[in-house]
Every structure is written in structure tokens, then in C-alpha cells.
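Asker: Okay, here's what each chain looks like letter by letter:
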Amino acid sequence: MTASPALPARPDAAAPILAVRDLKAHFRTNHFGVKRYVKAVDGISFDVRRGEIYGLAGESSSGKTTLIKTIAGAIKPPLEVVGGTVDFAFLPGYGGLHRAPPAEVARIRWRHLSYIMQGSMNVLNPVRRLRATFADFARSHIDASDRQFEQAVVDHLARVKLDASVLTAYPHELSGGMRQRATIALATICRPDFIIADEPTTALDVVVQKDVLGMIRGIQREIGSSVLFVTHDMGVHAHLTDRLGIMYAGRLVEEAATAEIFRRPLHPYTRHLISSLPRIGDDIQRKGLEGSPPSLADPPPGCRFHPRCPLAMAACSERVPDMVETEPDHRVACFAVNGDQAP
Amino acid sequence: MNGYLIYIVRRLGQFVLVVFIGINLAYVITHATPIDPVEQSISAATSFGNTAPDAIEQMRTSLRELYGLGGSPVEQYLVFWRRILRADFGPSMSAFPTPVSTLIGRALPWTAGLLMISTIITWVLGNLLGGLAGYYQKSRGLKLMGVIAMGLHPIPYYILALLLLIVFGFLWPVLPIAGGSAMNLPQTWTWDFISSVLMHAILPALSLILIGIGSWFLGMRSLVSNVVTEDYVVYAELGGVDRHRILTSYVMRNALVPQVTGLAISLGGIFNGAVITEKVFGYPGIGSLLVDAVYAGDYGLVLGVTTISIVGVSIGVLAIDLLYPLLDPRVKVR
Amino acid sequence: MNRIRALVPAVCALALQLFLPISSGHAQGIPQNIPRKELLILENPEGTIKNAGWFNIWAINAGAQSNGLQQAALDTLWYIDPESGINGVWENALAADKPQYNADFTEMTVKLSKGIFWSDGVEFTAEDVLATVMLQIKNPGMRYSAVMASNVASVEAPDPYTVVFKLKKPNSRFHANFTVRWGAVWILPKHVFEKVPDPAKFDFNKPISLGAYVLHSFDPDGKWYIWQLRDDWQRTTLGRFGKPGPKYLAYVDPGPPDKRVIAQLNHELDVIHDIAPEGMFALAKQSKSTRAWFKGFPYGHPDPTLPAVIFNDQNELFKNRDVRWALALLIDIKAVSMASYRGAATISAIGVPPTGTHPATYHQPMEEWLKNFEIDTGKRKIKPYDPTIGKQIADMLRPSMGEQIPSDPKEIARAFGMGWWKTDPQAAAELLEKAGFTKRGGAWSTPDGKPFTVRVMVEGDLRPVMTRAGTMIVQQWKQAGIDAKIDVAQGTLPTRRAAGDFDSFIGWSVETWGGHQDLSYFLDSWHSQFVAEPGKSQPQRNWQRWSNPELDKIIEQTRSVGFDDPKSIELGKEYVKLAVKEMPTIPLMAYNVFTAMDQTYWTGYPTAEDPYTDPVPNWGNSRYMFVKLKPAH
Amino acid sequence: MLRILRDLLRYNPEFRIGIVLVGFVLILSVLASFSPYPPDQVYVVPPDVPPSPTYWFGTTSRGQDVFWQLTFAIRNTLLFGGTVALISRVLALVIGLVSGYKGGWIDRVLMSINDTFIVMPLLPILVLFYFVMRDSMSWLILALIMACLGWAYDARLIRSVAMSLKTREFTQSSVFSGMSTREILVQEHLPYVMPIVFSTTMNNMVWSIGLEVTLSVLGFTDINTPTIGGMIYWANQHTAMVAGIWWWIAFPTAIVVMTFIGLFLLAVSMNEYIDPRSRLSRMGGAS
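Chains as they are written, first to last, in full-length UniProt numbering: chain A, 1 to 343; chain B, 1 to 334; chain C, 1 to 633; chain D, 1 to 287.
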């Protein structure tokens with residue numbers, strides 16, 4: 001596996017738990033004559049290190065969800081992986097879940113890789129009590145007697161401040177926050193190495209949200225998992241994540257430690273995202289970006305941000321800027337920041 | 001649980017109301033028949049014989065008396081309800097003086113047996129195959145099943161039944177085509193009788209299954225193809241939940257909820273009988289009893305069959321409503 | 001792939017082997033544990049009997065009649081055969097002799113046969129006859145209560161083998177009640193019924209037989225009845241003809257027509273009561289062993305019944321005989337014969353069925369009169385009768401049916417009938433105009449200016465051939481500009497017929513003994529004394545509600561002459577002439593019944609060559625078939 | 001509209017097959033107007049002729065051309081099934097949506113009525129109607145009666161969907177945004193129940209046409225108007241099956257099957273077209 005030139009090998013760090021290289025996942029649809037070729041994920045590379053919470057930010061329809069679906073191996077037509085690799089440390093040698101044999105994938109699911117889904121309102125089977133759902137997902141991965149397993153689940157639920165009685169409940173009998181906490185418990189019961197969390201708090205009200213975020217952090221610390229945390233909410237990222245990647249129109253445009261990004265955003269898009277965060281006592285009308293995110297079916301050439309970019313130059317509409325590590329651990333793809341390194 | 005109790009009571013009230021309205025409607029409709037049971041009896045009794053015309057009038061009078069057609073409409077109505085409450089439907093007019101309940105009692109086990117078993121088989125097979133076809137949308141075999149189900153579904157039942165009869169009763173005569181059991185076989189619980197009943201039920205049941213499976217199949221297939229896109233199914237797949245478990249407890253279990261309602265109503269409907277099945281296969285049952293009774297203007301018998309059917313279907317609907325919260329816990333008891 | 005192909009036949013063979021042993025005993029629709037060689041399987045046209053365990057035939061319509069009960073188990077005084085009879089048309093059964101009337105027909109004396117026993121060993125005597133009469137008079141709700149009560153003043157038995165009926169009023173045909181033509185008043189066992197508190201509510205299960213067969217077993221669901229020959233069959237009225245062939249009789253409900261054909265092709269149904277003509281043709285073509293009344297076309301047995309277009313003569317429109325005649329002249333009987341029977345019909349222009357002894361008694365002698373018969377259309381006189389129609393039908397069929405269509409005029413007349421009315425739209429139009437009808441724009445209007453609408457009521461599925469004839473006649477009337485409509489009254493027909501709630505219908509109000517020339521069997525009921533007020537229920541038979549003083553006179557004269565008196569034939573001819581002139585109903589043809597008989601197991605069925613009785617298996621008369629049947633092998 | 005049709009035609013094989021089948025049947029029914037023979041006349045052609053170049057579908061034992069007879073039959077049968085389906089769908093939709101959305105005593109009253117209709121056995125009612133109506137029992141009246149008897153089960157189905165829709169957020173937000181009941185039902189809920197309506201329409205037509213055939217077989221039919229059931233009735237009266245006149249039964253049956261397979265395929269492809277999920281992929285949403 002050769003590393004992309006934009007991402008030099010880092011001999012000093014431990015091997016990353018997830019290494020994504022030049023991943024391309026496209027939607028190819030031909031529906032009633034409307035042919036679409038949507039480059040939802042178009043050449044993305046990044047690493048997630050052991051024990052960190054890696055945030056992924058971007059507007060809706062920037063390709064975040066497609067990216068994590070691809071990583072999680074939930075690839076169903078019309079989505080297809082066109083190129084690149086996804087390597088988990090616990091699933092070496094295949095270059096992605098989608099390429100691994102089903103038995104292997106089944107082995108690692110939940111034990112090593114779990115998932116907290118967007119809109120967890122509907123992720124729990126409505127006609128199944130939680131006890132059965134826990135058994136469905138986790139029983140086969142935990143080598144214990146039934147009673148021990150039950151006890152493990154109850155203990156684990158306590159971590160997310162849920163009473164054992166929720167096990168006998170149906171999902172609809174729980175409040176939104178409880179349901180989300182139950183989902184988190186479900187995703188972490190097997191102490192997985194890697195958790196993918198897709199907008200887990202979006203639908204919750206602010207107080208509950210904070211609570212839930214705290215729990216994710218707490219559990220993550222306790223069991224030492226890595227988390228790939230996706231949300232459009234920069235505020236959440238600021239609270240939670242260790243490192244942050246910014247996506248725009250199917251590509252990663254900037255990546256650095258979260259604090260670094262908030263302190264010194266380099267990419268014009270990142271700057272826009274951060275400056276649009278409200279601050280207390282700030283009554284200045286924020287200047288919005290002009291235009292709207294591009295259609296991924298027909299993206300603009302060169303840097304996809306250039307039609308909306310205040311710093312756009314001639315090269316931006318011609319070539320795609322590479323991710324360049326401008327400072328240690330801080331990568332950005334922008335000609336305005338890195339200069340045009342055209343040959 | 002208190003809420004559920006109130007719900008049960010309220011629902012039982014509705015059940016009683018529906019049954020009451022239904023039986024009354026049936027009473028009105030059956031009494032609107034233009035067929036005069038007396039005339040029908042006389043015609044049947046004298047159509048071949050040489051009966052003096054002046055004797056006919058006397059017969060009319062005595063039959064009218066015998067059949068209890070005297071009395072004002074209100075009196076007749078009250079007598080009817082008094083009998084119903086004692087589960088007595090009075091005597092049949094076309095088989096006077098045999099009680100209606102005796103006639104129904106003879107026919108009902110055949111009908112109930114055949115229809116209950118074939119309805120359940122149809123339902124199970126249709127939903128199973130339909131569910132599989134919805135889940136494994138690429139399977140060629142299941143696609144073919146879909147086409148066959150689609151093609152069988154609209155064939156007029158009479159034609160299908162007659163075809164089966166010709167194929168298995170004449171061209172390749174391996175199955176009995178008439179009656180509920182072999183002739184001259186005493187109806188006792190011997191192996192001979194039971195196996196004969198089973199053999200005789202194959203063709204009627206097969207015809208009912210073939211014709212009925214399509215709608216369950218198609219319905220279940222489309223239900224399942226909706227359910228598989230639900231978040232909880234996708235999530236379970238991501239969670240590496242056993243595929244078999246996903247298919248049964250996640251996909252089928254959710255898709256089945258509306259199908260169970262259909263099953264209950266079809267099961268209630270078995271009291272209507274299957275007239276054409278009985279006609280084609282000479283199978284004993286309540287359907288031909290009903291049609292005969294309608295012909296004969298025997299509204300006592302019609303009303304008896306109808307009442308049982310109304311109660312049967314109502315119980316089916318009631319059972320579903322009471323069980324629905326168990327089937328679909330989301331439905332809150334009002 | 002090849003391996004799979006090789007497997008298919010193997011699997012099929014295996015499946016066959018699995019199937020066959022199980023099915024061998026069950027597949028056939030034949031009774032278990034009874035040697036097929038000793039068993040005659042007949043269709044009971046009553047179908048499934050919903051009250052299967054009821055054998056009390058004397059209760060009104062409570063159970064089955066032709067499930068073998070009246071054919072094999074019961075008996076009565078006399079029989080008149082619809083054909084020529086096994087030993088002459090008249091058969092003295094329980095009676096030792098013909099009925100003896102006194103001079104004014106107020107007393108009838110019957111001598112009974114000796115040595116006849118009930119199946120439980122009790123001897124049949126005059127007491128049984130007395131009980132049959134008195135029990136029904138005492139219990140008014142029974143089948144023959146009314147007939148007995150209205151006729152019998154008293155009945156006595158001077159000795160065990162003599163019965164004397166004293167009648168309330170003169171009746172020269174009282175014995176007809178005890179004379180089987182299809183059915184009659186069956187004799188009941190006194191020693192059984194005298195112990196029953198309410199004979200109308202007694203099921204008579206298991207029945208005691210007076211006939212040669214006893215009940216062996218029956219289906220509680222009413223699909224089949226099996227009767228077994230009595231060991232003492234010699235002590236029944238069939239005894240004198242020798243031992244009946246079949247040891248067992250099974251009367252079954254074989255289901256819809258298609259199935260009856262299949263059952264006979266499978267040799268599981270020896271006698272089919274009736275099927276559609278097409279089914280008969282299919283059987284004749286596919287089964288070498290199937291035999292019908294006629295060896296070839298037209299196959300069916302002509303019942304002594306006369307399907308006709310029966311008008312409601314109380315209806316203003318049909319009160320005028322010119323209108324009735326006009327409608328008759330618009331009918332093309334050849335097309336009706338084709339449509340209803342595919343040509344296999346025996347037509348009749350006059351109001352007597354062309355069956356049994358009737359052609360010789362009525363049709364042939366009256367041919368000349370018919371040829372010269374004239375009607376006045378108002379503009380001219382025409383002779384409507386065409387004596388060649390029977391031949392025309394035969395000629396029409398010969399190209400497709402070939403050899404089996406007879407060419408001998410006598411044979412033609414026997415099979416297809418003689419003449420009928422020539423289709424004459426011109427004369428019909430003149431008659432209608434004479435009656436005050438007008439034709440405007442191709443459509444006829446009644447004298448009061450309304451469209452001339454004629455509904456033709458048929459019984460649909462229950463009488464398929466009548467329905468087919470009716471649709472054809474409607475089509476012909478329509479083509480002539482009459483607003484004719486078919487009116488399917490399946491189920492409601494008996495009620496509507498009795499109430500006179502129809503314009504016209506296809507059915508019969510003429511049925512005769514067949515084997516006897518006396519017409520009073522139906523004619524008596526045509527007397528105007530029995531015609532009901534419009535809207536009221538009509539007593540049986542005179543469905544046309546036709547009142548005619550001349551007819552009344554004929555009927556009254558008939559009542560005063562004896563049953564066998566040749567004068568009654570002359571009176572019958574008077575009736576025929578009157579009915580031709582007045583056309584109260586339009587006679588069409590005999591009711592041909594396609595009784596199909598399978599000769600695989602039994603031979604000796606009644607046929608046109610050996611017309612010893614009627615093969616139609618629901619007739620009480622069909623018992624004589626049993627003694628003539630011989631095993632085929 | 002035309003564009004939708006073109007798209008469906010070009011890219012959806014199911015729709016293509018469906019349109020061919022239904023088109024064939026429709027053309028056949030339109031041809032009825034050009035029949036050389038009046039539908040109710042018998043013996044206009046030689047009887048019992050097998051299919052041949054002269055008589056494509058053969059002739060009946062009544063001397064009718066099966067092809068032309070079939071054109072009338074399928075036209076009347078489709079009109080019949082369509083009428084029943086249309087009227088009963090409207091009833092089922094209105095009652096199901098209102099009952100499910102409104103709940104409370106309205107729901108209880110409507111469902112009591114609904115359940116009464118569900119529990120009433122059909123056959124005796126239809127036969128008794130037939131007895132009472134006599135020869136004025138035309139297909140239209142039969143269609144109206146059957147429509148009145150055939151909505152109840154589907155109304156219950158739609159009600160249950162409406163009940164679950166009611167708990168969804170978009171309904172709540174519609175309520176808060178001040179939409180009237182009618183607007184919510186028509187604009188918000190109707191699109192969700194349309195697929196059910198489509199599939200129940202199919203079932204309803206199969207049901208009504210099947211029942212028409214059943215009544216015909218039992219002899220309760222208007223034999224003046226040729227329908228599929230009417231054809232089977234007459235074929236049955238002439239024991240066509242055992243007499244070897246298979247074409248009298250095979251062609252009507254084949255046409256009925258074709259009609260329904262065609263309608264089914266159309267419904268499936270239309271559903272796919274209006275399905276929100278598939279609409280999304282057509283519009284090219286990426287995530």
C-alpha cells in the first residue's frame with residue numbers, strides 16, 4: 001500500500017487505525033432517462049489515529065454521509081466505489097469492507113467497528129424490545145453466559161445513565177434522548193475499536209445534546225475507541241473532536257487538530273464556516289457566502305469552491321489543488337494558501 | 001394496563017354494535033327476498049306429480065302455518081331475536097322440520113376445515129415467498145414466482161378449478177374429484193376415513209391456494225421492499241446482525257403487521273363458504289347450502305348462515321384490534 | 001445439465017409410484033368395499049341433499065325423493081310407462097288389477113296383490129293403504145294431505161286385500177294419484193307410522209322398503225345413497241320379472257355437467273340424468289361404451305313434457321289470439337331447435353308431446369287437419385302448417401352429422417318430429433296490424449302507442465336448454481321489430497310463475513303420461529275454475545291463465561268418461577284443435593333429456609330399439625330398468 | 001405528462017410490457033365498436049370452428065365469433081371493474097383518511113360502519129339484490145352495489161396508514177403551520193397512501209371481476225350483456241371444456257390474465273416513478 005504523496009508516512013506515530021487513500025465513491029444512476037454520475041466522494045485521503053475522535057464537517061450534501069457509508073461498507077447500488085482504499089487496522093489486506101469476504105466483515109462488525117446512525121429515531125426495530133435488539137447486535141460477539149451478557153448490558157446502560165428497565169421497552173416508549181443514549185450503548189457494548197457516528201445529536205434539543213456528547217466522550221475515553229464523528233455543526237466539533245477534516249463538494253479541503261482549525265483556519269471555506277458561528281454579544285450581521293454548494297453531478301472544474309471563493313484566482317478554475325501539509329498536522333488544499341505549485 | 005382494559009371494553013361495545021347492526025341488516029335484506037318459500041316448496045313437491053289444483057291452495061295454507069310465517073312482522077322479528085339469543089335459528093323451511101342449526105352443523109366442519117387450512121397455507125406460503133422475493137430482489141427463481149403469482153391471481157377461479165379437475169381427475173386421474181371423502185366410507189375417526197378426507201381435500205385446497213397466493217405474495221413483496229429501506233434494517237445490516245435474523249425479525253416481522261389483519265378477515269370469511277369450490281369439486285360445505293337456501297327462499301337458513309358469518313368475521317376483526325397493540329407496539333391504545 | 005435431464009423422468013416415475021398406491025383406492029369416485037360389477041351408479045338430479053337423513057317422503061319437501069327412495073325403496077298401486085312398458089304400458093304393481101269405478105265415479109275399488117312384504121318382514125295389506133290415506137288426511141301438513149282430504153270421503157278395507165275409496169265428488173281419474181308417472185302417492189308402512197306422534201316431523205330413518213331395494217348406507221352430507229337388493233326381492237312387485245341385475249344401486253350427485261361427462265368417461269357414473277347436447281356429443285364421440293336413447297343423433301330421450309312459449313294470457317297484450325299467432329309465425333323452429341338442442345329436438349306443432357304413444361294417437365291422425373288448417377290474417381287466409389320441417393331439420397343436419405341422421409320419413413318423424421309453423425313475417429305483420437299494432441321505423445307499437453315489449457322469462461342455469469331456446473326466440477322477435485328481452489329468473493321463476501308475474505316464459509304446462517293417451521293429467525288443471533285472479537297465486541299447471549268456455553266444456557266431458565274410454569281420445573283431439581286455433585301457448589318440442597348410459601358394466605338399458613321404459617333415472621318408473629339390466633361381462 | 005410517459009416508455013421495460021399488454025386489451029375493447037356482428041345475436045357464423053385465419057379466436061357453439069364477442073366482453077368487463085374500483089377507492093380513501101386522521105368518536109362511528117360492511121357476507125346479498133332487481137340488474141347497477149360493498153377493507157388499511165402518518169413530524173408541523181384538515185389530508189397524506197391505493201385498485205378489480213365470473217357461473221348474470229363472466233357462463237352451458245371447444249374459454253381467460261399482468265406492471269412502474277425515494281435518485285441528490 002503506497003501512501004499518497006500528499007500524506008507522507010509518519011514513522012513516529014503508531015500506525016493509524018483507519019487509513020483512507022484516494023477514495024472515490026460515485027453514484028451512477030440511470031433513472032427514467034435521467035443519467036446521473038454523481039461524484040459524491042472524489043479522491044479523499046485521511047487517517048484516523050488510535051484513540052482519537054476525528055471530526056468530519058461540511059454542509060449537507062457535501063458527501064459526508066456517502067464517505068462514511070463507503071467506509072462502513074454500506075455500499076448498495078447506485079453507489080459504487082470507483083477507486084481508492086479503506087484500511088482498518090483490524091481488517092488488514094483487503095483495502096476496504098466492500099472488498100473483504102462477507103465472513104470477515106461479519107467478524108469485525110460491532111466487535112471492532114460500530115456505528116451510530118443519523119436520525120436514530122428510526123434505527124431501532126419498532127417491534128422489538130431493546131433486550132432483543134441488544135442480543136441481535138452483540139450477543140454473538142460476547143463470550144459469556146446469558147446472565148452475564150444481560151448483566152454486561154445492564155452495566156453498560158448504566159454508563160449512559162439508563163435504567164435496566166429500558167430493556168423491556170419498545171423504542172417508541174423512550175424519549176428521543178433516551179433512545180439516542182440507548183443507541184450509543186448499543187454501539188459501544190462490544191467495546192469496538194472504531195465507532196462511526198453520523199450526526200448522532202442533530203435531532204436532539206440542546207440540553208440533551210450536550211449530555212449525549214459528554215457520554216460519547218466519556219465512553220470513548222473509557223474503552224479507548226477511535227471515533228469518526230460526522231456533523232455539520234461546528235459547535236459540536238469544537239466541543240468534542242480531537243482532529244477535524246473539512247469537506248466540501250465531495251473533497252477534503254482542510255484537516256488539522258480541532259483547536260488549530262478553530263484558531264487558524266486556512267481554507268477560505270473553513271474560515272467561512274468558523275466565522276459563521278454565532279458568538280455571545282456579537283450582533284454584527286454575518287456576511288454569508290454567495291451562491292450555493294455545487295451540484296455533485298456537474299461540479300465546477302478545478303477547485304470546487306472557486307465560484308464562491310473570495311480569493312479565487314485563475315488557477316483555481318483550471319486545476320485541482322492538492323492537500324499540502326503546510327504545517328505539521330495541518331493540511332489544506334488551496335492555491336491561495338499554498339501558492340500555485342503548478343509545474 | 002388499565003388503559004388497555006378500557007380499550008377492550010370499548011372495543012367489545014363496538015363489536016356488539018357491529019354484530020347487532022349486521023344481523024339486523026341481514027334480517028331486512030333476507031326478508032326482502034321476492035322468493036316465497038311456500039311457493040318454492042310446493043313447486044318442488046308437485047312439479048312432477050299430478051296434484052289437483054284445488055288441493056294446492058290447502059297446501060299453501062298449511063305450509064304457511066307450518067313454517068311459522070303467520071304473525072305480524074314485529075312479532076316475527078321478536079321471535080327471531082329471542083331465538084338468536086338462544087343460538088337457535090329455528091327450523092329450515094326448505095328442509096322442514098330440520099333445524100337450521102343441524103344443517104349448518106353438518107356443513108360447517110367441512111367448510112371450516114378446508115378453508116381454514118387452505119387459507120393459512122396460502123397466507124404462510126404467499127407471505128413467505130413474497131417476503132423472500134421482496135428481500136432477495138435479484139433472485140431469478142423468486143422473480144419467476146412473482147410472474148407466476150401475477151399470472152395465476154386474475155384467472156377466473158372457476159376456470160382454474162375446472163382445469164385442475166380435468167388434469168388430475170381425467171388426463172392423469174390420480175386424485176379424487178368429488179366429495180369430501182370416499183363413498184360408502186363411514187365417517188368415523190379411522191385412518192381410512194382421515195386419509196380419504198385428506199386426499200379429497202388436495203384438489204380443492206390446491207385450487208384455493210393457487211388462486212389466493214398471488215395477492216398475499218404481491219402484497220408482501222411490496223411491503224418488504226419498503227421495509228428493507230427502513231433505517232432499522234440498514235442499521236441491523238451495518239451491525240452485522242445475522243441475515244436470517246434480519247429477514248425474520250426485522251423485515252418480515254414489520255411487513256407482516258398489515259398482512260395479519262388481512263388473515264383475520266379472511267379467516268372470518270370462511271363461514272361464507274366457497275360456493276364455486278363446493279360446486280366444482282362436489283365438496284360438502286356451507287356455500288352451496290347458502291345458495292340452495294337463497295334459491296328456496298329459505299330465509300331462516302340464509303339468516304342462520306349469514307349470522308354465523310357475521311359473528312365469525314366480527315370476531316376476526318375484534319381479535320385483530322385487540323391483538324394489534326401486541327403486533328405493532330407503536331399503536332397506542334386510545 | 002444432462003444429469004438433470006436424466007433425473008426428471010426418474011423423479012416423475014417416483015412421484016407416480018408415490019401417488020398411485022395411495023390413490024388407487026381413492027381416486028375413483030366409486031363406493032368403497034362394493035364390487036363394481038354388482039353396482040349401478042346413477043345420477044340423482046336433485047344434487048346434494050341438504051337434509052340427507054330424511055326419508056319421510058310424505059312430509060312436504062323435507063328431504064330427497066329421487067335419491068333412490070321412490071325408484072327403489074317405495075311402491076304404490078299402479079304404473080303407467082312413459083314408453084311402451086316392460087309388460088304393456090299399464091302395470092299393476094301393489095294392485096292386483098285395474099281400478100274399478102262405480103258408474104258415477106264416486107267409488108273406487110282396488111284389489112291388492114298378495115304376498116308382498118315390507119323389508120322388515122311385515123306383510124303389505126290394505127291397512128297400509130288405509131293408513132297412507134287417513135294419516136295424511138289427519139295431518140294436514142303432509143304432501144298428499146290436501147289431495148286426499150279434498151277427494152276421499154272415506155276409505156275402507158272389507159278384507160286385507162281390498163280397498164274401497166268413497167269419493168266426495170265424482171272423479172274418473174282418482175286412481176291417477178296412485179299411479180306412477182315420475183312419482184305418485186307412495187304407500188307408507190302403517191306399522192311404523194302408527195307409532196309416531198307427529199308423522200310430519202318423523203325422519204323415517206332408516207326407511208323400511210316396499211320396493212326391491214333397502215338402504216345400505218348414505219352420505220350424511222347428501223352426496224350419495226347406496227341401496228342394496230333385498231334377499232327377499234321375490235316378495236316385492238319387481239319379483240315377477242325375475243331377479244334385478246344390480247345388487248347395489250348408488251344414487252350420487254356428480255356435480256356440474258363437465259364433471260358428469262368426465263365421470264362417465266372414467267366409468268364412474270353409469271347413468272347420467274341429463275347434460276347439455278354438446279356434452280352428449282362429446283361423450284358419444286369419446287366413449288365407445290356410452291349409449292343414449294337413440295343410438296345416434298339426436299340421442300336424447302323425449303320426455304312426455306312439452307316446452308312451449310307460455311304467454312300470460314291475462315296480460316292485455318296477449319289476450320288477442322292474433323297477437324299470439326303473430327308471435328308464433330315469427331319463430332323459426334329450425335333455428336330454435338339448433339340453438340337449444342343443436343338440432344337434437346323433437347318438434348311438435350300441437351299441444352301434445354311428440355313422445356311415447358302420442359304421435360300415433362294424435363300427431364299422425366291430425367296431420368291432414370293441420371295441413372288444411374287456415375288462419376285469417378285480416379288481409380288473406382293462409383295455411384301456416386309446413387309438414388316438411390322435421391325433414392328439413394334432418395336435411396340440415398345431415399352434412400355435418402352424416403350417416404347417423406335417418407332418411408326414412410318414419411324415423412325422421414320419430415327423431416325430429418313432423419311439421420311446424422312456417423316462418424311467415426308477412427303474415428305475422430298482417431296479424432299484428434289486424435290486432436291494432438302499428439310498425440313505425442322498424443319497431444312495433446301496441447294499439448295504445450307504447451313499444452311492443454315482450455319479456456321472455458327463462459330459468460337460466462337451472463334449465464339451460466330452455467334458456468337457449470328463449471334467447472333464440474327473443475332474437476327472432478327482435479329482428480321483426482318487437483322489443484323482446486330475455487328475463488333470467490333463475491331461482492325466482494317458480495314464485496313469479498305462480499303469481500303470473502311475467503309476459504311469457506319458456507316452460508311447460510303440458511305433461512302427459514306418455515304411454516297413455518289420456519290428457520287429463522295436465523288438461524284438467526286448465527279448467528277456468530282454477531285460474532287465479534291477476535296478481536294472485538295460480539294453482540299448478542295452467543300457467544298461461546287461459547280461460548276458454550269451449551275448453552271448459554271439453555274438460556268437463558272428459559271428467560265424465562272413463563280413463564281408458566276411446567272417447568277421451570276424441571276429446572283430446574278437440575282440445576288440440578282448439579289450442580291450435582287459439583294458440584294460448586306456442587308448443588315447441590319435446591323436452592329431450594340427454595340420459596347417457598355407460599355399457600361398460602351393465603347392458604340392457606332402455607333405448608329406442610327396446611323402449612321398455614324411460615331411462616331417465618329420477619323417474620319412479622325407472623325401477624323396471626333394474627330387472628332388465630345384465631352385467632356386461 | 002408526456003415527458004413522464006416518454007421516460008417511462010424508454011427506460012422502464014416493465015412499463016413497456018405493461019403498456020403493450022394493456023394497449024392490446026384496450027385496442028381490443030375499442031374494436032367492439034367495429035364488430036360486424038351485434039353482440040347478442042347467435043348463429044351468425046358457423047358454430048364450433050377452431051381458431052383459423054377466418055375466425056382468429058374460433059367460434060362458439062352458439063355461432064358467435066369469439067374474437068368479436070371478446071371485444072365486447074372485455075370492454076364491458078373493464079368498464080365494470082373500473083367503475084367498481086373507482087367508486088370504492090374514493091369511498092375507501094375518504095373514509096380511511098378522515099377516520100385515521102380525526103380519530104376519536106368520528107373514527108369510532110366510521111369504523112363501526114366500516115366493520116359492518118366488512119362483516120356482511122357478500123354472496124347472499126348480491127344474489128338477493130339480483131332477485132329483487134330482476135332484469136333491470138345491469139352491469140352498472142351491479143358495479144354500484146359492489147362498489148358499495150367493496151371499500152371497507154381497504155378503508156381500514158388506509159386508516160391504519162393514516163394513523164401512523166398522523167404521528168409523524170411533518171403532520172405536526174403542518175398542523176402548526178395552520179393547514180386545514182382537508183389540506184393536510186389531500187396535500188400531505190394522500191401521496192403516501194397513493195401506492196396503497198394503486199395496489200388495492202388492482203386487487204379490487206381482480207376481486208370484482210372474479211365475483212362477476214362467480215355470479216355468472218352460478219347463473220346470476222345479465223346474459224344480455226357480454227362480459228367475461230357472461231362468456232364463461234355460455235361456454236359452461238355448452239360444456240365447452242369437455243366438448244373440446246377450448247378456445248371459447250382459453251381466449252377470455254388469457255385476455256383477463258393479460259389485462260391484469262399489464263395493469264400490475266403499470267402500477268409497479270408508476271409506483272416506482274412517484275415513489276419519493278426513486279424521485280430523489282432521479283433528481284440526483286448525492287447523500
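The hints are simulated quantities; they were obtained by calculation from the structure and are not laboratory data.
Any given hint could turn out to be false.
Claimed, not checked - To give an idea of the chain D side of the interface with chain C (calculated C-beta under 7 Å), a few residues:
#, residue
1, S61
2, F176
3, G178
4, I223
5, Q237
The structure presented is a predicted model; accordingly, all values stated were derived computationally and were not measured.
Virtual Cβ for every residue (Gly too), placed ideally from N, Cα, C.
Asker: Compare the structure with the hints numbered earlier in the document and write down the numbers of the violated ones, lowest to highest.
Answerer: Numbers 2 and 3 - these are the hints that the structure violates, sorted from lowest upward.
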